[in-house]
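Dock chain C against the given chain R, drawing on the hints supplied.
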Amino acid sequence: AQSVAQPEDQVNVAEGNPLTVKCTYSVSGNPYLFWYVQYPNRGLQFLLKYITGDNLVKGSYGFEAEFNKSQTSFHLKKPSALVSDSALYFCAVRANDYKLSFGAGTTVTVRA
Amino acid sequence: DSGVTQTPKHLITATGQRVTLRCSPRSGDLSVYWYQQSLDQGLQFLIQYYNGEERAKGNILERFSAQQFPDLHSELNLSSLELGDSALYFCASSVALAGGGDTGELFFGEGSRLTVL
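Protein chains in written order, with my numbering: chain R, 1 to 112; chain C, 1 to 117.
Excised from the complex, chain R in its bound form:
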């Protein structure tokens, strides 16, 4: 069975500061890893994914994520956060069974 853990329910940062949202996963075989963002009253939007190759993946809106196989982690990062980055962020993992399993989500608040 596959699972995703997002250890922080909330992350608060000041605008302009680095933003990190943590994610660890458990899956049999090679993982497909994803980050999605959800704004209030909206559906989820794809940010980035890791399937294979370079451990540092760049995505939309200046976000990037680093795959660490030994730590089974896939943390989302942004060097300089914006107030508009305030949203709910989901990490997701998929194995060979096609099911995409989401973490519980992390609420990011960026204060001006």
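It is possible that some hints are incorrect.
Lysine to aspartate or glutamate pairs mimicking EDC-like chemistry, simulated, CA-CA at most 20 Å apart [what the hints assert, rightly or not]:
| # | chain 1 | residue 1 | chain 2 | residue 2 |
| --- | --- | --- | --- | --- |
| 1 | R | 99 | C | 105 |
| 2 | C | 9 | C | 110 |
| 3 | R | 99 | C | 54 |
| 4 | R | 99 | C | 62 |
| 5 | C | 57 | C | 105 |
| 6 | R | 58 | C | 105 |
| 7 | R | 49 | R | 64 |
| 8 | R | 49 | C | 105 |
| 9 | R | 99 | C | 53 |
| 10 | R | 99 | C | 75 |
FRET-style restraints, in silico, Cβ to Cβ [stated by the list, open to error]:
| # | chain 1 | residue 1 | chain 2 | residue 2 | range |
| --- | --- | --- | --- | --- | --- |
| 11 | R | 30 | C | 14 | 43 to 53 Å |
| 12 | C | 62 | R | 104 | 18 to 28 Å |
| 13 | R | 72 | C | 38 | 26 to 36 Å |
| 14 | R | 30 | C | 39 | 25 to 35 Å |
| 15 | R | 66 | C | 28 | 27 to 37 Å |
| 16 | C | 117 | R | 69 | 40 to 50 Å |
| 17 | R | 54 | C | 18 | 42 to 52 Å |
| 18 | C | 62 | R | 26 | 25 to 35 Å |
| 19 | C | 117 | R | 14 | 38 to 48 Å |
Hints were generated in silico from the structure; no laboratory data involved. A virtual CB, placed ideally from N, CA and C, is assigned to each residue, including glycine.
Just chain C, lined up with the frame of chain R:
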């Protein structure tokens, strides 16, 4: 706009009733996923269809059923509704790969908010 259309956006009904939620995937996407989002359960995978066939099943109750039609739209049927079924139901579609399967990158609709009274 993701290109995935869900109807209705809001639905209020009573316990014991049956409702149908409809989803039209993005043009060209063969995979359709259904998810339930609630405050206490988070985002739960229900079921996935690929080109009309059921591909993966998650935590879908026996009272719930789904299908994908030849035109690739999908419907999620919820019956004998209970208060706990109140949630936001999302449909998502995914880009198909040439050899079958999909990329796993999902495009979500805006959701159907179901309230059971």
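Is residue 9 of chain C close enough to residue 110 of chain C, meaning Cα to Cα at most 20 Å?
The hint holds at about 8 Å.
Within a Cα-Cα threshold of 20 Å, do residue 49 of chain R and residue 64 of chain R meet the stated pairing?
holds (9 Å)
CB-CB spacing for residue 14 of chain R and residue 117 of chain C relative to the 38 to 48 Å hint
Once the Cβ atoms are compared, 43 Å apart, the range 38 to 48 Å for residue 14 of chain R and residue 117 of chain C holds.
Starting from residue 99 of chain R, check that the Cα of residue 62 of chain C is at most 20 Å away, please.
holds (19 Å)
Is residue 57 of chain C within 20 Å of residue 105 of chain C, Cα to Cα?
Distance of about 18 Å is within 20 Å: holds.
Could you check the hint for me, namely that residue 66 of chain R and residue 28 of chain C are 27 to 37 Å apart, CB to CB?
For residue 66 of chain R and residue 28 of chain C the Cβ distance comes to about 32 Å; the hint holds.
Is it true that residue 30 of chain R and residue 14 of chain C lie within 43 to 53 Å of each other by Cβ?
holds (47 Å)
Hint says 26 to 36 Å; check whether the CB-CB distance for residue 72 of chain R and residue 38 of chain C agrees.
For residue 72 of chain R and residue 38 of chain C the Cβ distance comes to about 27 Å; the hint holds.
Measure nothing beyond the straight line between the CA atoms of residue 99 of chain R and residue 53 of chain C; if it is 20 Å or shorter, mark the hint as holding.
holds (15 Å)
Range agreement (Cβ of residue 104 of chain R with Cβ of residue 62 of chain C, hint 18 to 28 Å):
holds (25 Å)
Need the status of pair residue 49 of chain R, residue 105 of chain C: alpha-carbon distance at most 20 Å?
Judged against 20 Å, a Cα distance of about 8 Å means the pair holds.
Can you confirm whether the C-alpha distance between residue 99 of chain R and residue 75 of chain C stays at or below 20 Å?
holds (19 Å)
Consistency note: the structure conflicts with none of the earlier hints.
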